[in-house]
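There are 2 protein chains.
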Amino acid sequence: MAQKPSIPKGTRDFGQVEMARRNYIFDTIKSVFCLYGFQQIETPAMENLSTLMGKYGEEGDKLLFRIQNSGEKAALAPEKGLRYDLTVPFARYVVQHREEISFPFKRFQIQPVWRADRPQKGRYREFYQCDVDVIGSNSLLGELELVQIVEEVYRRLGIRVCLHINNRKILAGIAEVIGAPDKIIDITVAIDKLDKIGVEAVNAELAERGLSEKAVKALQPILNLAGTTAEKLTALRTILVNSEIGLKGVAELEELFGLIEATGVQLNIELDLCLARGLNYYTGAIFEVKALDAQIGSITGGGRYDNLTGIFGMPDVSGVGISFGADRIYDVLTELDLFPKELQSATRVLFATFGDAELHYALGWAKALRAQKIAVEVYPEPTKMKKQMGYADAKQIPYVAIVGGDEMAQNKVMLKEMASGEQKLATLEELCTIL
Amino acid sequence: MAQKPSIPKGTRDFGQVEMARRNYIFDTIKSVFCLYGFQQIETPAMENLSTLMGKYGEEGDKLLFRIQNSGEKAALAPEKGLRYDLTVPFARYVVQHREEISFPFKRFQIQPVWRADRPQKGRYREFYQCDVDVIGSNSLLGELELVQIVEEVYRRLGIRVCLHINNRKILAGIAEVIGAPDKIIDITVAIDKLDKIGVEAVNAELAERGLSEKAVKALQPILNLAGTTAEKLTALRTILVNSEIGLKGVAELEELFGLIEATGVQLNIELDLCLARGLNYYTGAIFEVKALDAQIGSITGGGRYDNLTGIFGMPDVSGVGISFGADRIYDVLTELDLFPKELQSATRVLFATFGDAELHYALGWAKALRAQKIAVEVYPEPTKMKKQMGYADAKQIPYVAIVGGDEMAQNKVMLKEMASGEQKLATLEELCTIL
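If you read the sequences in order, they're chains A and B.
Each residue of the first sequence is one higher than the one before, starting from 1 at the first, in this note's numbering.
Each residue of the second sequence is one higher than the one before, starting from 1 at the first, in this note's numbering.
Be a bit skeptical, because a hint or two may be false.
[To be verified] Derived DEER-like restraints, expressed as beta-carbon distance ranges: (1) A:K9 x B:D61: 21 to 29 Å; (2) B:E79 x A:R118: 16 to 24 Å; (3) B:E79 x A:L428: 53 to 61 Å; (4) B:I197 x A:R118: 48 to 56 Å.
[Claimed, not checked] Derived list of chain A stretches under chain B, where covered just means 3 residues or more per stretch with a C-beta under 8 Å from a C-beta of chain B: (5) 105-116; (6) 256-268; (7) 358-370.
Because the hints were derived from the structure by calculation, they are not lab data.
Glycine included, C-beta positions come from ideal geometry on N, C-alpha and C.
Take the sequences, apply the hints, and build the full model.
In structure tokens, the structure reads:
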């Protein structure tokens, strides 16, 4: 026999059980998005390479999967690549379709992205992103709704989380007041790693990135700020008193926390000044969600951006968005055993098959049950009872209906509950009620 | 300003309205699949090129999108390509995962495929396929269930269709009795075009493909067979009396039509001897569905295959499947104006925003309504009434709730029905009832 076929490194097949679980995650997230008036869009898997290049840094450019042009006109056709995330295609979409869009534009998008990363545990070359954004409004109601969406999604999934919030304007203010306003990017990239590498390594990195000893020293009280959110914000007002942008960031956070309190959001929320997020298009609030009962890093993240569409020639459009990490949420639900038990099979009953007459009888019942929207299977051929029961077991079908001459004469079936092994005769009406 | 960005030729963006409509199609199809116990799987967008090459004929090989390998080890990595259909990846999946699969394996798969075809009206380089198959059983119950699924899907979508059925064994038998048993492929490929190019062109093509004048002549009565299904089958029994495979095909169709009649399938079904389907892996029943009220060709098609997994070293596994053409179904529903009207926006009510106090009031109501699973939007900033109404119009939101001092004092909102323009004061309970 030939060698077993396989799939490319870093890609995955999803079988029925995994798909049922993935759909549970996607459906939960989608239905919450819809509750807030967000609508779905989709963009093509391939974009012109010119749309993608230069948007993810030098490292990102290298990780783009490129498509070979083929055919006679290959040399003339624009080069293409597979999308690397959903954010740049969304920006491209907004600019390309701006005449059709009614702003503020509330959209969500759930599609795979591809990265030619070195495959490793938990890192794939094809994975889904699940993004929700509102673009075309400066209102902090956008931020509030994303916080409410985080609350509701994780409440429905049963995952206890903490939402970390910061504001890029505060980070810019900090850079300003410690005397290193041009180092904002270096500072945010370095302190983003505080959790992972510790304060000393961050300080070393800051020095390496050209921050003066004085500036690094001035930064320390800010990195170590503690207390309640109100206390932190008050302290920041003092520290940032000479930075206009910093004070604006504080005011934005105060307003957002006010809205959060006014709407009674039930969620652990922490103002986390160490939160920076690597992506440099963020200009306002930034978010990250961590599961409290699993060590897995961020499972949702995002923020406010003021000029995402500027790269495509449409400046001054502000938006805010977050992205749910479906793979990590899957891992958390698995680790904490939180997937609903009844997910695997929609099928409620399998009709076992022993012969032609029984099969025709079963087909009639199956039709009646399906008309009641009850999912039913009829085993396709007469074979050993054990095999048919094994099939029901493997698919976790809760009931098997057995039909013989006696049952047909009485217009009933013998219904076996797989979990208990109990059997009883049932009419069609009784079956509908049980299922 | 920079040039407007665009997307690669032959690809598409799907905006909110299109996505809502596409989801309506996919959800309808999925829920019918689930009613029959089919379960979803997904496979990666990219497959090893060795999995894809040689499976779609020379022409198909040319239409594969290849991915460039990058990085240091590029020359060593296996070449990859984007999937061309869902059938070959499914066969690969079955062989690769055979130890985990419990047969008969009932799966469906809804994912995009890519073909480097010349883009033209209605033909895209990226499009979704929607496949349902049962593999690992010879039972004609598989065929019956697909017929029932076709009936139920188009009943739910409201599209009147005709299901054309034939059997490849009958076509093989015909090739045998007209004395051209080695020409079965040429015959099926040519008569597949009967509807499009007419009988004379088909006869010319048959001659060109090396069929003797005698054989072409012998074929004519078969091409012109008329009458009821029973009459056609009876005539075929006579014509194919000397062909074992031909008679087996007739017997299979008789059994299938028997099952269809016994289960009371309400569907226009035609035994169509001109139906051949181009793909040569079919070995038994073949199907094609045409819309009765739109000229658009086949909107669903498929058939029985006896050795799909043989290409990957796992012989003798029989299956049967069909594929729904989502793009064409979309076009039929559009042409016949059959999409439900309420699809576009899930949002039932928009709260207009005039100031901070009103906003906070609206946020409380929005929270209460969302807890009742009613989709609600709050306009994010105080702006002109006209703009806010325009937003509701564009998203087809049926109600706008207006809040002023009077309403807040009475703990009510002024509810405007957008279609009629009627306004009335409503309490929260009244609002829940109306929405």
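These are the hints, each one checked on the structure:
| no. | hint | result |
| --- | --- | --- |
| 1 | A:K9 x B:D61: 21 to 29 Å | 23 Å, holds |
| 2 | B:E79 x A:R118: 16 to 24 Å | 19 Å, holds |
| 3 | B:E79 x A:L428: 53 to 61 Å | 56 Å, holds |
| 4 | B:I197 x A:R118: 48 to 56 Å | 53 Å, holds |
| 5 | 105-116 | holds (count 5) |
| 6 | 256-268 | holds (count 4) |
| 7 | 358-370 | holds (count 6) |
In terms of the numbered hints stated before, the structure departs from none.
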